[in-house]
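There are 2 protein chains.
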Amino acid sequence: MLKAKIFVQLKPSVLDPQGKAVTNSLHHLGFDKAVQTRISKYIEITFDSTDKAEISAQTTQICEKLLANPNTESYHFEVEESES
Amino acid sequence: MLKAKIFVQLKPSVLDPQGKAVTNSLHHLGFDKAVQTRISKYIEITFDSTDKAEISAQTTQICEKLLANPNTESYHFEVEESES
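Chains as they are written, first to last, in this note's numbering: chain A, 13 to 96; chain B, 13 to 96.
Derived from the structure by calculation, the hints contain no laboratory data. Model, not experiment: these values are computed from the prediction. Hints should not be assumed to be uniformly reliable.
When chains are identical, the list treats them as one kind, so a pair holds in a single copy or across two.
EDC-like cross-link-like pairs, simulated, lysine to aspartate or glutamate; straight-line CA separation at most 16 Å [stated by the list, open to error]:
hint, residue 1, residue 2
1, Lys32, Glu76
2, Lys45, Asp60
3, Lys53, Asp28
4, Lys45, Glu56
5, Lys23, Glu76
6, Lys64, Glu76
7, Lys53, Glu66
8, Lys53, Glu85
9, Lys32, Glu95
10, Lys15, Glu95
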């Protein structure tokens, strides 16, 4: 089994209103040293395969076709061996 | 500046319908080696501080009071030096 560990993040130039809301909440809760919050997706996909090169190529396609919005988001990932 | 890198994930025993939907989509797109998908939140909080111990303690409180639902989610994080 292989596991792809994928981060899909808003591009730095894109406003993150959910992150801004968390920063505001933190200030209301007294955590006044918090300056900025960015919220991203972390996705793990388990594959029934041992071919790392093939699964890496598939994961790139999966990010581009399904998981990331190329207009506003960037992605990066690693493919690792997995027991389950 | 310090940056807390926080993962908030559904507990393994909790059903992830969004992840299941992604797995189904992958099969429809022909990625039939995908077995399971789990979708989590990845949150980066930047703090105006250099006191790692204090910020680690605050991040634990932030996860428990704001970011994670203790009934269904677990969290883990690292605090690292950050330039911005």
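Against the structure, the hints:
no. : hint             : in the structure
1   : Lys32 with Glu76 : neither (27 Å within a copy, 19 Å between copies)
2   : Lys45 with Asp60 : between (44 Å within a copy, 5 Å between copies)
3   : Lys53 with Asp28 : both (13 Å within a copy, 14 Å between copies)
4   : Lys45 with Glu56 : between (31 Å within a copy, 14 Å between copies)
5   : Lys23 with Glu76 : within (15 Å within a copy, 28 Å between copies)
6   : Lys64 with Glu76 : neither (18 Å within a copy, 37 Å between copies)
7   : Lys53 with Glu66 : neither (23 Å within a copy, 27 Å between copies)
8   : Lys53 with Glu85 : both (10 Å within a copy, 15 Å between copies)
9   : Lys32 with Glu95 : neither (38 Å within a copy, 20 Å between copies)
10  : Lys15 with Glu95 : within (9 Å within a copy, 31 Å between copies)
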